[in-house]
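> These protein sequence lines are chains Y and E, in that order.
Counting from 1, position 68 in the first sequence corresponds to residue 68 in my numbering; the numbering is continuous, with no gaps.
Counting from 1, position 253 in the second sequence corresponds to residue 253 in my numbering; the numbering is continuous, with no gaps.
Keep in mind the hints are simulated off the structure, nothing from the lab.
There could be a bad hint or two in this list.
[As the list claims (entries may be wrong)] For lysine to any residue, the following SDA-like pairs were computed, each having C-alpha atoms within a straight-line distance of at most 25 Å:
| id | chain 1 | residue 1 | chain 2 | residue 2 |
| --- | --- | --- | --- | --- |
| 1 | Y | Lys4 | E | Ser243 |
| 2 | E | Lys168 | Y | Ala41 |
| 3 | Y | Lys104 | E | Thr222 |
| 4 | E | Lys163 | E | Gln186 |
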Amino acid sequence: MDFKENPAIYIQIAEYVCEQILLKKWNLGEKIISIRDLAIAMEVNPNTVQRAYDFLQQREIIANKRGIGYFTEEDAMDRILSFRREQFMENELPVFMRNIYLLKIDFKEIKILFDQFVKDNFKK
Amino acid sequence: MIQIENLSFGYKRKKLLYKNLTLNLEEGSIYGLLGKNGAGKSTLLKNLVGLLFPTIGNITINGYSPKKRLPAFLQTIYLIPEEVNIPALTIHKYMHLFAPFYPAFNKEQFFSYLGQLDVKDQGKLNTLSFGQQKKFIIAFALACNTKILLLDEPTNGLDIPSKIRFRKLISSVFDNERIIFISTHQIRDLDNLIDRVVIVDNGSLLLNASITEIAQKLCFKTMSEIDDKSKVLYAEESLKGYSVVMENTNQEDSKIDLEQLFNGVTENPAKAKAIFQ
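From just these sequences and the hints, can you work out the full model?
Structural data, given as structure tokens:
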């Protein structure tokens with residue numbers, strides 16, 4: 001897996017887990033891939049995935065059922081959104097805003113493009 | 001546990017490569033050993049398996065002294081050297097000859113690892129290419145299930161798919177009872193596997209810290225201008241300004257760049273020491 005320059009790897013792994021849920025590839029309340037298997041898939045140290053899972057547990061997005069594995073929490077959606085929003089505002093939005101400013105792009109133009117994007121990609 | 005106490009070593013008595021090195025390595029981590037050419041990375045690994053003996057000082061590994069070369073010790077440790085030298089044997093002959101030295105050797109794992117690394121049974125092993133021989137030894141070493149696994153530049157000679165397979169294999173065999181100690185220049189091949197970094201230079205230990213600790217104490221980022229030079233451990237000019245490694249006073253959670261860390265620690269050892277004290 002290709003990681004971005006920032007943030008820390010364990011945060012990027014936590015984001016990946018949330019992304020799978022947001023994209024509905026993984027369902028709420030269901031068992032998720034084990035630490036070992038995710039580490040192998042991503043070619044990272046299992047301790048790093050452990051740290052990502054600990055982090056998601058603290059945020060009550062996943063829970064560890066002893067002896068069975070990790071599950072996503074049934075009611076985690078709000079917490080997933082708030083975590084991902086936080087990360088987006090902190091890491092991705094500043095780059096976007098910097099370019100809008102430097103390239104003198106009008107917000108109205110962005111709005112039109114945004115609506116078209118949603119129509120093309122998400123609304124069927 | 002590997003305990004290195006006040007190790008001094010030199011190939012000639014008057015010219016010491018290591019001076020008074022003390023270092024402990026514990027189970028449950030993949031250690032990355034980083035050092036410049038000639039810093040003595042391979043020499044250190046050879047001291048750990050008893051291929052070389054300390055000039056002064058002691059090495060103790062799980063209660064054993066490597067220089068005594070006791071079979072009970074040797075069956076718990078495996079060193080994959082950078083240059084492999086395999087005798088003219090077939091895969092099966094090699095296994096029958098060498099596997100009995102390692103009681104935890106697992107034949108099924110061995111053939112599974114060979115398959116994953118795409119090493120085929122094609123006659124005598126010494127006729128295989130360098131990369132194939134190296135992958136053969138990696139598969140054999142992993143199947144020996146030793147508590148301690150030392151790898152000297154393991155990705156040298158491996159093609160692109162094999163490097164990926166190699167990373168997946170290391171991640172799959174690693175557990176909390178093992179010490180995996182990898183010496184490398186090819187940091188980018190392995191950077192997400194390593195969870196503790198050991199840096200040696202000029203005969204001494206400059207850093208032994210976990211990735212978590214490094215990320216707590218240092219922050220890696222790109223800045224258009226450097227405002228407070230006193231906090232900077234390392235800076236290099238890049239397309240977007242400066243890539244800097246600095247003291248993490250604002251508790252930022254950044255991704256570690258091992259190359260920049262290495263440059264910072266070797267160029268500025270005193271400052272690194274102060275930060276990690």
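> A separate judgement is required for each hint: does it hold in the structure or not?
Hint check:
| no. | hint | verdict |
| --- | --- | --- |
| 1 | Y/Lys4 <-> E/Ser243 | holds, 15 Å |
| 2 | E/Lys168 <-> Y/Ala41 | holds, 7 Å |
| 3 | Y/Lys104 <-> E/Thr222 | holds, 24 Å |
| 4 | E/Lys163 <-> E/Gln186 | holds, 11 Å |
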